[in-house]
Every structure is written in structure tokens, then in C-alpha cells.
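Visitor: Residues per chain are reported as follows:
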Amino acid sequence: MSDTAVYRARKVLTMQPRRPTAEAIAVRDGRIVAVGPLDEVRSWSDGAVDERFADKVLMPGLVEGHAHTLEGGFWDYPYVGYYDRVAPDGTLWPGLTSIDDVVARLREIEQQVTDPDTPLFAWGFDPILFGGRRMTLADLDAVSETRPVVLLHASIHSMNTNSAGLSVAGLNADSPLEGLLRDSQGQPTGELMEFAAMFLVLDAVDIDLFALGGSARAVWNYGRVANIKGVTTITDLINDLTPATVDAFRQVTDSEDCPIRLVPALNGLSAAPERAVERMRELQSYNSERLRFQIVKLMTDGAIQGFTARLKWPGYYNGAPNGLWNTTPEQLEAAIAAVHAAGYQLHIHTNGDEASELVLDLLTKTLSASPRPDHRHTFQHAQLADDAQFRRMQALGACANLFANHLYYWGDIHYTQTLGPERAHAMNAVGTALDHGVPVAIHCDAPVTPLSPFFTAWCAVNRRTSGGRMLGAGERISVAQALHAITLGAAYTLKLDHEIGSLECGKRADLAVLDDDPEEIGAERLCDVRVAGTMLGGRWFAAPGRS
Amino acid sequence: MTGVPIPLTVVGGYLGSGKTTLINHLLRQSGGRSLTVLVNDFGDIDIDASLIRSVHGDTISLANGCICCAVGDRLVSTLMEIGRRSAPPDHLVIETSGIADPARVAQIGMAGRRFALHGVMVLVDPLEIRTRWSDPYIGETVRRQLASADLLVLNKTDLLGAGDLRDVRTWLAEHAPETPVFDCVQAEVPIDLVLSQQDTRAGPSEELSFEPEQEHLHGLDSRTIVLPGPIERARLRRMVEALPDGVLRAKGIVACTDDPHRPCLVDRVGTRVTLRPCSAEADTLNVGRIVLIGREDAIRTINVDAWTNTD
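From first to last, the protein sequence lines stand for chains A and B. Under the numbering used here, think of the first position of the first sequence as 9, with each following residue one higher. Under the numbering used here, think of the first position of the second sequence as 398, with each following residue one higher.
I should point out that these hints are in silico values taken from the structure, not numbers from a laboratory. One or more hints might be untrue.
Selected chain B positions facing chain A (Cβ under 8 Å, derived; list incomplete) [claimed, not checked]:
no.: 1; residue: 412
no.: 2; residue: 440
no.: 3; residue: 470
no.: 4; residue: 480
no.: 5; residue: 507
no.: 6; residue: 530
no.: 7; residue: 629
no.: 8; residue: 631
no.: 9; residue: 632
Quantities reported herein were computed from a predicted structural model and do not represent experimental measurements. Beta carbons are placed, not taken as given, at the ideal position from N, Cα and C, and that holds for glycine.
Model the full structure from these sequences, guided by the hints.
Guide: Structural data, given as C-alpha cells:
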């Protein structure tokens, strides 16, 4: 009976609907041995009741079903986004709401870099949020005239640079490059769009953007950011999973000090389907308590705010041409069939409704040919899925992980530019999905938006844009439904609901330890729930920045 | 960042149009050049085992270069690595995915210092192209692919009867009127149409000739223009651009009036014309010669006098 710790709490939210709350929880060997009234729970231990959480609310460790380790990699560089963001060390980086503020922050940082040749790289900048004013070469030349400055946009598909950055890449007004944006006089503005233009500058300053998420350091930082926000299980939802990356993931998650369980998803289109399946078999031999390989991710289309998502009729509100596919329907079909046949779980990125439609068709075909119980193939984003599409998902046994944060961060853009009012109101239809019995999770897609499941829950509950507009009041869900979506709901989409996501005997002792009660704080303030730290497998991790 | 940019050929075309077959063909007869080839998948790459030196992760090293599997985000790392090699390849070939717009990748060779775009070849499957062109899901993609080509390669022509082949040619002439088309079977494109000329490593006679048996095989002809002396750079570009569409390839070493001691390499692949400086060790024997390769009818109509006229 030794080594059983009994924690008394202000309240325990179990997320087990028939026994929703409790007074105490007992932990043994990293697992929950009892949850319930204190007098029942303490019968498991001869020792004293641990009172450290007596004034805290305990709930299952939060589960983020769609994010990327790149978030951890980015924190080696300064953040200059519009919205507040918390660094892995717990420091708050306040949002910069004017271009002048961004320039001023970059100047401060620039003055601290002593080597004159080191490029200055910063991230998180969103060029569309400054009321029509765009960042220019002159703005960034004011940061430095000699040192290349590279300012990556929040979308990760575009960036700004200064004259020194263009120069080191060999770019000028004569460069016949489509992605090099120009002003009315034909001069480069320093804004670079898409692969080629970005590559030329990143190559010249020697920053391999997409490798940033593959280091042990990145995963440690990722774990800290998760810890701060109460997250104990988190995905890395597309990765080529090279041997070096897998080594880094194993090194971190093998450590007792690692505060997260990591669920990476193999990029299923990084090789022919049969080789991807072969690679999954190999990866599964590395599965451990804190590292789990069983998901294959497939990409279909792009992003709505980048006009690269594939939309059905009537297309983009502003008349932009339809978006881009990442793969041919034939290759997608082959990959779906192979991964399904091998018994792995598919998580498929579909932003536009045409992409969702195609995947519904292909899944129907595959599942008709080879039915498999409880496959839980999951639509990721499915931002424009409508009633009929959710009915089909339900009929197929598929899950949906919806991008609730989009409502806040890009809702106004969707309303005015990309989709127009009606489809903006209908997007990320969590309410409809639940009505139709589709298992639902909600996500942040960090680093695209900041990681914070309580904020994501707030988005699904309130559906407010950053400009204050409500989008689709009828799609709002209750606080209880939102809390389910960020715990057991997300765990279900990862096929980990038998291990995590609720507090029950036998499950892992993964807890979010809260100062505030999310059931009591009120729907309007759900995003303000304060996180003291987490427990992973019974081990306490104070949130960095908190004593 | 120093050194001469690496010539880049981008090979595009929808899934199943013959990109990998073309790559295999190139690897078999790279003509003494060292090639680096980026592919989507090793699966269908067919290399003579005797040419393979080593296989390491995503890279197969060959006696005449290497093949790297570089999909998606890994393309960035791979390109960065290639640009930093102490012994860069003579030519880089990137096979794009079946859904990609080859023009997007090709842009890396249109500016900057590492790569110089040599040409975008897009393969066309004559049996499928018309259906795909109007497919609701992928029609736009296929249209973008065709539009991005400097040279269209109409592959698998043996699978069609003469009448059907004529129909496809007519259709292509209507839907891609500006772009030269090369017909072939098994993606057997003459190496000279795809790869850049070299100014140092290969011998002059070998380099500036065109294999006679290939002429007959493909209904191609060639002709050499000998310039009497240095030519004005803008005029050179204008004249190469003005060559008829049936000229699929032009290549030569030419002295320009503004810098006659540093000749430049002139290339035309399909409709794309590039002029770039020769390396210091350029073979001066061939300066002033431009070889044209193209369909017999087009080659016959070339007015050599227009080139040799110094007015």
C-alpha cells in the first residue's frame, strides 16, 4: 500500500459524466487508483493526505489534437505577433498591434546582437492585421541597414525582409520572381510569398525553417509551452519522421523530466504508400509511455486565409481562384487504402469543403471495400464541413477535429474577404458536428495560433472574432461540451481515450492543476482559467514562470 | 555565396505522364555530366546496379551523380545542402509531384545565386490529357502545369493511332499555342533537349554535336550557325527568341560585343532563353557557334543569312 499519494482538491472534474466531480484523487505507479469522496479515496493509503492542491481544481490533463513541434523550435527566436503569447520559460510576450511597435521591438532585439553578420529572424507577424498598411522595406531597414532581417508571417507561407536580406539573396527590382511583391513603382516591398522567394532568402541567411521542429531542444520547449497551458498529451501532426527527428523525440520522451506525451503523425505522402506503412511498423517499435506512433497524416488542400483551400461553389467571396491540392486524388486514394488496410489511423487535413467532399468520397470507397470497426479516421480542420458532410462523417465512423481558434483569429477576414458572411457564420460548425453524433475535438494548430486549449474552448463556446463579431450563434456549444472536446474528445480522436482524457481508476495520472474552476468561471471568461501546472504520470510539473 | 549557379531543369506533369521514366532515361545517358536528381519517391527509379556507389537514407550516390528523395518540406533542406556542396553537380533536375505546378519550384532558378533555370519540361499523357483538363477536381492543376512548360513532352505516342495522335496534337496546339511540343515514346527525350551544355568538362566535338541516330529516331534535325564575330547581346537574345517554335533547343558559346573576351553560354529550351557567362576555362574553339535542334521542317526554314549579316 506504500507509494500511494492521496491528493485532496477544492474540486476534481473527472470528465466521467456519471461521476462528474470528486473531492480527492489517489495515484499509484503513475496511474489513478481512485477518484471520489476523500474518505473513500484515502482508504488506498496509510500515509497522510497531500494537501498541496487543497485550493486547486483538478481535471484531466488537456489534450491538444492538432499542433506542431515547430512551435517549440520557433522559440529560439523572438516572437513579434499581434497577439499575446507565452514563451516556454513562462514569460509573456505582449502582442504588437502596430507596425511601428513591431519595428521598435525588432530594433531593441537588434541592438542586443553583437555579431554584425548574424541575421535577425523573428516570427508570428501577421501582415493583414494593420488596417491596410503593409510592412515595407523601409520599415525593416530602420531595424538594420546591414544585417539581414527576416520576419516570418503567422501563416508560415510568407515573410518580410529588409534591403540587406534581399541583397544577400541576390534579389532586386529586376528579379523576375512572382513571389517578390512590388509597390506601384515596381520596387520590391520586402514581402515574399510562397516557396521560391522565401527559399532564396532563408537559404541565404542559412535558416532551415522546417527543420526547426525536429530537435530535442524544440521538443523540450514544446513540452514547456504545453505545461504552461495545462496540456499533458500533444500531437505533432505531420512530420517526415526522419531518423534524426525520431532520435530527438525518443531522447526527450525517454526522460522522466518530460512533461508531455507526444503523438507524432507520419507524413503519409512522404513516400509511396507501401513504404509509409513499412515505416509505421518500424516506428511502432519505439512506442513508449510518452511517445506514441499510430497516426498517419495526409494533406489535401491549403489554407482558407491563404486562398489555397479547395472550395466548392461559389468559391472565394472576393473571386480569388480556387485553391491548390497537395496531392493527386489518385495518390490520396492509394494512401488512404494502404494505411487503412495496415490498421493505422488516418488524420486527413481538409480545410475547404471540396477537400472534405473528396475525402468523404475516398473514405466511403475504402470503407466499403474493407470495413474496419472503430477506425476513427479523423478529419483535421474540416472548417467548412456542412450538415450533409457531418452526416456522412457520422455514417462512416469518422471523427472531426475542428479549428475553433480560426473563428477568433481570422473570423473577420473570413467574413469580409474569403468566405463572406453566411459561410463565415457556418464555419467550424462544432454544434452541428455534435448534433450529428460526430466525435469532436477542437484545436489550435500551433504555431499557426497560440497553444491554449482553454482559449480554444472559449472560441467554440463564444464564437467571437478578434474584432468582436459573433459568428454563427447557433453553432455555439456549452462549456461542458467544450471541456469534453479538449480532454476526452481529443483523446478519442487519438485512440487514447482508454488511457487519458478522464480521471478514472486505471487511467494515467495526467492532471491539469487549475487556480480557477472552469465550470464556475463563466462562459465569457473560460479563456482566463489560470493553470498552476500539470501532473504527468503522477509527477508534478509546475508551470514555468510560476513558483 | 560564391560560384556559378547550378543549371536547373524542372520536370513536371500529372501523375502517370512519364516523369520517372524520363528521369531513368536521363540517368542512363547523362553524357559525362554529374547530375543531381530530386525525386518524389525511389520506388520506380530504375538504375543499373553497377552505377550505384552507396545508398544512405534519402540519397543514392551514383558514379555520375546522385538521386535524392526530397518531398515537401525536405525539399528545402535538400536544396540548401546541394547549394553548399564543395563539388556542385553539373546539372540539377527536380521532378515535381504529379499535382504540383512546376513553375512554383522553377522560380528558385529565376533569381538568386544558387540555381539558374534551364527549362521546365512538362510531360503530357495523350490518352488522359483532355479528360484531366476539364476534371472538376484537378482540371485547374493540369491547366497550370501546361501553362508552366517551356517545352511540352507528348509521351506515349505509340499508344494512339495516327488519327488520334493528330487530334491530340491539334488539341495541344489550341490549348498551349505558345509552347513547342516534342513527341516521344517511353519518355525518350534526347539528352540535349533537357540538360545544359557544359563549357569545360566535356570535349567540344562531343558537346556541340547532336547524335545522328537520334535525329532519325525522333524526326529531328540540327543545324549549326557560325557567327562571323562578336554580336550585340540584346540582338543575340532577340534572335534566339525569334527562332521558330519547331526549334526545340538552341545552344552555343557566343562572344558579345560588350565583353568579347568573356563569351557567354546561350541556351534556349523550348521557349526559354538564357544567357550566362562561361567559366574562365571555357573552350574557345567553339566560340561563335550556335547549334539548333528541332523538327526538320523548322530547321529547314532557318535563315542563316540573318545571323551572319553584321548590319
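Visitor: Does each hint fit the structure? Answer for all of them.
Guide: Each hint tested on the structure:
no., hint, result
1, 412, "5 Å, holds"
2, 440, "5 Å, holds"
3, 470, "4 Å, holds"
4, 480, "6 Å, holds"
5, 507, "5 Å, holds"
6, 530, "15 Å, violated"
7, 629, "20 Å, violated"
8, 631, "15 Å, violated"
9, 632, "20 Å, violated"
Consistency with the previously given hints fails for numbers 6, 7, 8 and 9, ordered from lowest to highest.
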